[in-house]
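Trainee: As they're listed, the protein sequences go chains A and B.
Just so you know, we're using my numbering here: the first sequence kicks off at 1 and counts up by one.
Just so you know, we're using my numbering here: the second sequence kicks off at 1 and counts up by one.
What the hints contain is simulated information worked out from the structure, not anything from laboratory work.
Any given hint could turn out to be false.
Stated by the list, open to error - For lysine to aspartate or glutamate, the following EDC-like pairs were computed, each having C-alpha atoms within a straight-line distance of at most 20 Å:
no.: 1; chain 1: B; residue 1: K126; chain 2: B; residue 2: E280
no.: 2; chain 1: A; residue 1: K270; chain 2: A; residue 2: D344
no.: 3; chain 1: A; residue 1: K301; chain 2: A; residue 2: D316
no.: 4; chain 1: B; residue 1: K55; chain 2: A; residue 2: D141
no.: 5; chain 1: B; residue 1: K37; chain 2: A; residue 2: E53
no.: 6; chain 1: A; residue 1: K397; chain 2: A; residue 2: D353
no.: 7; chain 1: B; residue 1: K126; chain 2: A; residue 2: E94
no.: 8; chain 1: B; residue 1: K55; chain 2: A; residue 2: D102
no.: 9; chain 1: A; residue 1: K43; chain 2: B; residue 2: D86
no.: 10; chain 1: A; residue 1: K389; chain 2: A; residue 2: D353
no.: 11; chain 1: A; residue 1: K145; chain 2: A; residue 2: E107
no.: 12; chain 1: B; residue 1: K55; chain 2: A; residue 2: E107
no.: 13; chain 1: A; residue 1: K215; chain 2: A; residue 2: D44
no.: 14; chain 1: B; residue 1: K37; chain 2: A; residue 2: D141
no.: 15; chain 1: B; residue 1: K37; chain 2: A; residue 2: E122
no.: 16; chain 1: B; residue 1: K126; chain 2: B; residue 2: E34
no.: 17; chain 1: B; residue 1: K126; chain 2: A; residue 2: E336
no.: 18; chain 1: A; residue 1: K215; chain 2: A; residue 2: E53
no.: 19; chain 1: A; residue 1: K124; chain 2: B; residue 2: D40
no.: 20; chain 1: B; residue 1: K33; chain 2: A; residue 2: E122
no.: 21; chain 1: A; residue 1: K270; chain 2: A; residue 2: E286
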Amino acid sequence: MTSSINVNSLSKRYRIGAGLTDLRDLFNIRENTRNAQYHWAVKDVNFDLQPGESLGIIGPNGAGKTTILKLLSRVTHPTSGELSVNGRFSALIELGAGFHGDLTGRENIYLNGTILGMQRSEIKARFDQIVDFSGIEQFLDTPVKRYSSGMYARLGFAIAVHVDPEVLLVDEVLAVGDYPFQLKCYARMDEMRRNGTTLIFVSHNMEAVRRVCDKGMVMYQGEDIFHGTAAEAVVAYSDAIRQNARRVQTDIPQDGGLSQMFMTFDAEIKNVSLLNEKGQPVTVLESGAPLNIAIDVLFHKNVQQPHLAITIRTPDGRVVYDTMTSWMNYLMPDFEAGEQYRIDCRLNTPLLDGLYEVDVDIVPNNLSHFYDRIERAAAFSITGTTWAKGLVDLDAKLEINPSLIKSDLGTTQS
Amino acid sequence: MSKNEPSVGNLSLESSMTTTTNSVSFGFFSDLKELYKYRDLVWAWGMRTIRARYKQSILGGLWAILQPVIAAIIFSVIFTFFVPVDTGDTPYIVFSYTAMVPWILFTSSTADMVDSLVANMGLVSKIYFPREVLPISALMARLLDFAIAMALLLILILVFQVPIFPLGLLFLPVILLVQIAFSLGLGLFGSALNVFYRDIRSLVGLILQIWLYVTPIIYPVTMVPERLQPFYFLNPMAGIIEAYRSVLLYQQLPGPYFALSSIVAIVTLFFGYWFFKRLEFQFADVV
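So here's chain B without its partners, still in its complex pose (with noise of 0.2 Å):
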């Protein structure tokens, strides 16, 4: 690249882009590569997130399970004793907790997500690195919380005799990734708005909170008029919910309304990762 002689008229220049430089690139391929690079620094930075929520805490990962029994205790006794809701075969309490697992790694990671960005902006504003390390690693960290109450979930059905399906098992990893896909999705494209407009954390937390009753957690999806039921799985979380009950509870195969949400779940990752990476560039600038 021929070297220009430094002009006073460089205000034309003003809405170029850096020009190429071996370091700096942009495009898809080349921010996965990227990002790849900084693999260790996803991993580093879950640990240090998991590390830090538990110092100093006398129940440490403990907290994982009680958040989600405390909850479907309640919701129990509520729709045991008080308003006794139908479900089949399965005993309320395994029920519920059965969604409440997969439902509250999904609301604690998004809220995270959306945070992680703005919490960390020293950090932004200093160094140098591909920002979506830092959505990504508040994921990971609440992996751990997730596998620790999946376990509890594990005893629960041996305890409750569920009868075990072999082949269902196997799509458990499938219904995470689905999950996941979509839940860093919506983490990328809230935790880059976050950055410019702090409202948005608010805005997240009372969506999830609403979300929860759009969503087969408390009841079960045989409750929803059968002709509203194509609109209520344009929600990825009724397919995603469902398809976990149907492995863990109902020895069945995740159903069709799976695809729609595994579908949806990947658009909305590939739209959430553009858009983060679209507004990247400004994030050191507005602290």
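One chain only, chain A, in its complex shape (with noise of 0.2 Å):
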């Protein structure tokens, strides 16, 4: 089978600094490399996608993730490298594209969809589906600049994805939106994966990428440092920037600092261990056992009343349990710097047989970003409950009593 998309010692080069300032310039692409600095947005990017097949990358920002969907959408040329898109391809890097404020949604959607590549008679087939799916079209003939945010991204994106792409590229724009939109688009995403859509899905929201996303790739400093299954890269994605956050110190972005996995290390979590009621090591427990969290943390600064969080998920990611201090209404103290402290978060498992994974995070009290936070700290296995599938022991018992009326099956039939 030939792939949908092939990826091949990509590379990317931008030219920082100065512009063009001689004519010659313009023409010799290649020797002017005196005075010019560069920057390699993208360097030596390898991935393969068969059709049907979901990459989900995530990477820090200028990490090079939209300069890699800019160069498979054909807006900017690699420097050098190989890449073939195989099929009609849609791209999302941005939505509401060539939008004209003055102009009718009715107006824009022609405008739209003609950019992203469609003819006009292709757009009129599937006018009624894109306006349905936006659900605007009480406002169809007002224009777009009375839209609100959530109404324009939602026309945008409806026209996006019924290009009926076979190559589908996404970039981080289902931000917008309200929360009902968003499941509506990925649910979109997933109905268009299953007829064979191939899809490329840029986020900073890891929920989003293990939602959407079979296979992940993490991006850091243009590179793709990893490949694999989405939620392996979510976690290699966390354990790269934990790795990064011992290094340096950069200042803590103003927000979107959590979304980013920006972390400073004020706090760190030095070690994470499961252990039982007698406070021993363990990995496989009977469903229902009493398990104890131990988590032991640095403080390498003052820091006041931190939040911890702890998340337990299955392997593919889902979330089983989600909590957290501020949440539990627990308050914790300030520590100073150079103290450690362990931290003991008992919990019950009543769960069904499988592997469960523990993540733990450690933040400050504004949320600004995260202190320290390892993904896949810890894992364990439920064992002992072979009576049902899923993930929660709801403990069903069964009874059976006669019943009261003891004619009526008899008498009704008749």
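Mind docking these for me? Both chains are given alone in their own frames, and the hints should help you get the complex.
Mentor: Here it is in structure tokens:
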């Protein structure tokens, strides 16, 4: 089978600093290395996707994720390497590209649709579907400048997914729009994938990546540092960030520090161990047995009332249990630099047979970023529940009693 | 194509282009084929430009007429009363308006085309489509203005009882096509260059201003010394404007200079398109 997308040592270099100064530069792309400074936005990236596969690309800002999408969608051209995209593609790098505020929703559907490469007749044929999906039919003849940003995004997404692409490239665009619409978008992406559309999804939203993609790739400083399943990639990404946090302390971003997995290591999670009632390390538990997640935290700086979060999930990333000290209304004390504490989190495990993983993170009380975060800090398996499938032991009990009205069946049937 | 092992030494590939895929290809005919695939976008983007221009405007399409009319009136006053210019049997206003309509199409479309890529950089840096769509649409959007102004010209011709020359009118589309080819060539060239050097836009404005005086718009060709005329007609707009006048006012077919204009126009178009395509792959990177 031919690949849907094949990328072979793909690299893209941007010139930084001053633009072209000399007319000769225009045609001499190769030689002018004297005073130009370059930045490798994408460096020697390789991957291959078969039709119907979906790849999540994760990584911090500036890692080259969007550049890969731009290369694949032919907006920009590679400096070196090869790439091939087979089949019609649609790229959601920006929703509603080319929308004109003075034009109505209807006019903009045709405009944006043709920008995305559809013929007028194709748009006409899908017009009702697009309107239906976007849910803006009552504002169809209103200029889009009067739309809310949510409506704008909904219309943009609706048009893009109705290109019926064989390859769909999605950049972090679902952050806009309300929750029900996001669900609708994920559902639509799932549906397209089942119908054989190849998907590349770039996001900071780890849950979304786990949910939509089967493969995952971690980008870091232009390089593809990890390939694996989406769930594995999220773990690898978290580890990479953690490694980096040990080395560099840069400024904390104003916002979005959590979504970018920004870590400062003011508090470091030294160790996470799973203990049974007797305080002995365990990896296998009987369903329902008490479990103590013991977390050793070393404080490198004075930290005031941090929050601690614990997530238990299945290996494919489904959340079984997610909690945080603030949600528990548990106020952590202040800690001082140099102190080390053990935090015991005791819980019950009414779970069904299977493997479970524990993520732990510690964050400042304004939730601006992470102090530290470990995905798959520990894992345990549950045994002894052969009577049910799923995740949670709801402890079903059966009881059989004679019915009160004995003759019911017999009399009504005749 | 065999898959290479990812190698550290990929720098050696540095100057190679994207190797072939079924979606990235180069060449004149494949470029045209790709453009044809996006023909609906050319239309939609042109319509967007027109609608955007006239939405929330009181006079709307009247602006298409006002500009050439006012220019023609001003020149009529100057060259009828202050510095009389001999335009033969044709009243000066008809004489100058006939030239002003295609001239304004030329200047406004060229200016719009040169600006078209930079003005839509947000789109160019985010979404793929053949970039020549933008200048072509910019030109198309100005054709509506031209049609409106042309309608008034026909009325003027009837009012001033200029004899109609049916065979000449058949030539009008040919003259228009030559003009379009010429300005499109310039527009493609200028718009591509303007991405890299924003001076181009101002420079083009200046050149167009000067160009008015080396083209027979406000004065007849007969005022140009005979021996200078071969050089004068190296300016293709001179031949084109004279061709419009020939068929609309003088009941003559376009003269031999129009043939020269046509050749220059076609060469300009090919050169402009080649130049544009040559630089196109860098547009998105040079925002």
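Trainee: Against each hint, give a clear statement of whether it holds in the structure.
Mentor: Checked hints:
About 14 Å separates the Cα atoms of K126 (chain B) and E280 (chain B), which keeps this hinted pair within 20 Å; it holds. For the suggested pair K270 (chain A) and D344 (chain A), the alpha carbons sit about 14 Å apart, so the restraint of at most 20 Å is met. With a CA separation close to 35 Å, the supplied pair K301 (chain A) and D316 (chain A) exceeds the 20 Å bound. Pair hint K55 (chain B) plus D141 (chain A) holds up; C-alpha atoms about 14 Å apart against a cutoff of 20 Å.
Distance check on the hinted pair: K37 (chain B) and E53 (chain A) sit about 28 Å apart at the alpha-carbon level, beyond 20 Å; violated. Between the alpha carbons of K397 (chain A) and D353 (chain A) the distance comes to roughly 18 Å, so the proposed pair stays at or under 20 Å and holds. With a CA separation close to 7 Å, the supplied pair K126 (chain B) and E94 (chain A) stays within the 20 Å bound. This hinted pair checks out: K55 (chain B) and D102 (chain A) have alpha carbons roughly 7 Å apart, not beyond 20 Å.
Of the supplied pair hints, the one linking K43 (chain A) and D86 (chain B) is violated, its CA atoms being roughly 70 Å apart against a limit of 20 Å. Between K389 (chain A) and D353 (chain A) the CA atoms are separated by roughly 8 Å; this keeps the pair inside 20 Å, and the hint holds. A distance of roughly 13 Å separates the Cα atoms of K145 (chain A) and E107 (chain A); the hinted pair therefore holds under the 20 Å criterion. Between K55 (chain B) and E107 (chain A), the direct Cα distance comes to roughly 13 Å. Compliance with the 20 Å bound is thereby established for this hinted pair.
As the CA atoms of K215 (chain A) and D44 (chain A) are separated by approximately 19 Å, the hinted pair is consistent with the 20 Å bound. The straight-line distance between the Cα atoms of K37 (chain B) and D141 (chain A) is roughly 28 Å, outside the 20 Å bound, and the hint therefore fails. With a C-alpha separation of about 13 Å, the suggested pairing of K37 (chain B) with E122 (chain A) holds against the 20 Å cut-off. The straight-line distance between the Cα atoms of K126 (chain B) and E34 (chain B) is roughly 18 Å, inside the 20 Å bound, and the hint therefore holds.
Simply put, K126 (chain B) and E336 (chain A) have alpha-carbon atoms about 48 Å apart, too far for the 20 Å limit, and the pair is violated. A C-alpha spacing of about 8 Å is found between K215 (chain A) and E53 (chain A), which places the hinted pair at or below 20 Å, so the restraint holds. A distance of roughly 12 Å separates the Cα atoms of K124 (chain A) and D40 (chain B); the hinted pair therefore holds under the 20 Å criterion. Only pairs whose Cα atoms come within 20 Å are accepted, and K33 (chain B) paired with E122 (chain A) is accepted, the gap being roughly 19 Å.
This hinted pair does not check out: K270 (chain A) and E286 (chain A) have alpha carbons roughly 27 Å apart, beyond 20 Å.
Going through the hint list in order, the structure does not satisfy hints 3, 5, 9, 14, 17, 21.
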